Each structure stands twice: as C-alpha cells, then as structure tokens.
Amino acid sequence: MKKFNIYLVIAVIAVMVAACGSKSSSNAPEGVETKSQVEVESEELQPEDHTVQDHTVEIREVVQSMYTKAMALYANNKNNNVDLSKIFYSNSFQELIRRTHKLEQATDGLILDWDLWVMAQDYQNPQVEVKDVIMTGQDKALANVVIKDNGERDIQVEIIREDGQWKINDLMWKDGSKWSSTRKMLTKALGD
32 MKKFNIYLVI AVIAVMVAAC GSKSSSNAPE GVETKSQVEV ESEELQPEDH TVQDHTVEIR
92 EVVQSMYTKA MALYANNKNN NVDLSKIFYS NSFQELIRRT HKLEQATDGL ILDWDLWVMA
152 QDYQNPQVEV KDVIMTGQDK ALANVVIKDN GERDIQVEII REDGQWKIND LMWKDGSKWS
212 STRKMLTKAL GD
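Heads up: the sequence shown runs through residues 32 to 223, numbered per my numbering.
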C-alpha cells in the first residue's frame, strides 16, 4: 500500500507540473486568444506614446514661454515689480519661498542669495534653451534647461499640473555630479 501511495503522489505531481508548465495551455474558452504573462507585463510598462509625447511638447512650450517672459522682464529691469512666483510657481513652492523670505527678513540672513530663474547671482542677458522634457508621472515632468550667460548652466525644472495649468514645483542645479533641489534646501533651512 505504501508503494501505491508513493506512485499515486508522484503521478499527481507529474500531472500538476505538466498542466502548469505547458506553454500552450490556457484557461480561456476554446477559440479565445490569450496573452502570455510576459506580453501583459510588457504592455503595462509601456506608456501610450502619444499621451507622453503630447505632454512633452506642451510642457516644453510652457517652460520656454515662462523663461521668455521672465527674461523679457529682466531685460527691461521690470522684474522687481512683478512677482513671477505667483504667476509660474506651484502653490506649495510659492509658500516655501514666501516663508524663506520672511525668515531672511526676521534674521537679516540670506538663504536665497541667487536668482532662481537663472541660478546665478550675476547675469547680463541670459538666453534659455529647453533641451528636453522627461515625463515622471501623468501630471509631473522634469524639463532640462540650459542657461547661457557667461558660460552655460544646466538646470532642471520640475513641472506639475496644478489647477489645470503647468507650474514650477522645484528648480534644481548641478552640484558636481548630482542635482541639488531648491525645494529640499529651503525645507531644510526652514527646519521642516
């Protein structure tokens, strides 16, 4: 009886392995095509190209427009009369900058000692080029921007969709081989 039980267990295992391991087997009704797990997983990883591409083009144009308007104000020395953050920054980024300026006034300290738009203290007539845009989510992207003025500076602009509009949520600069975040720096300075 023990031999019979062992053979029965082996036979059941063999049938189970054969059923699970078969590449052509499917639980779908006859005549219905099915996809392999690999096909399904690869489809899930691939974004719809037209959606990402449409946002990429739109965001590139928005960021270029933001910089064109900001640089026009700078060229006319009118940037002191217009708060560009209220126009182009996300609500949370605006609030972070507002709180930073308030701390600077209260302590006579200087936290933001450069212009965020050009990532420099001194500039003459900066030219801006949006090199590319990388979607990092449905409503979030990074725009790689080059500022040309007394050399070139690479910056990254994090853009989010807020209240139906694309807004700047962070500005990052190259610090050696890594990117440094204005948002993280200000959050740390404020003790948040």
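It is possible that some hints are incorrect.
[Stated by the list, open to error] Here are the computed lysine-lysine pairs in the PhoX-like style, where the Cα-Cα straight-line distance is at most 25 Å:
1. K219 with K162
2. K162 with K179
3. K209 with K171
4. K100 with K117
5. K171 with K133
6. K205 with K100
7. K133 with K209
8. K100 with K179
9. K117 with K209
10. K219 with K205
11. K219 with K179
These aren't lab readings, by the way, just hints derived from the structure by calculation.
A quick note: this is a predicted structure, and the numbers were derived from the prediction, not measured.
A quick look at each hint next to the structure:
1. With a C-alpha separation of about 30 Å, the suggested pairing of K219 with K162 is violated against the 25 Å cut-off.
2. As the CA atoms of K162 and K179 are separated by approximately 12 Å, the hinted pair is consistent with the 25 Å bound.
3. For the given pair, K209 sits about 20 Å from K171 by alpha-carbon distance, which is consistent with the 25 Å threshold.
4. Taking the CA atoms of K100 and K117, the gap is about 14 Å. The hint holds against a cut of 25 Å.
5. Our distance criterion of 25 Å between C-alpha atoms is broken by K171 and K133, whose separation comes to about 29 Å.
6. At roughly 24 Å between alpha-carbon atoms, K205 and K100 fall within 25 Å of each other, so this suggested pair holds.
7. As the CA atoms of K133 and K209 are separated by approximately 29 Å, the hinted pair breaks the 25 Å bound.
8. Only pairs whose Cα atoms come within 25 Å are accepted, and K100 paired with K179 is accepted, the gap being roughly 16 Å.
9. Restraint check: the Cα-Cα separation between K117 and K209 comes to about 29 Å, which exceeds 25 Å; the hinted pair is violated.
10. Under the criterion of a C-alpha separation no larger than 25 Å, the hint pairing K219 with K205 is consistent with the structure, at around 18 Å.
11. Note on K219 and K179: the hinted pairing is violated, with a Cα-Cα distance of about 29 Å set against a maximum of 25 Å.
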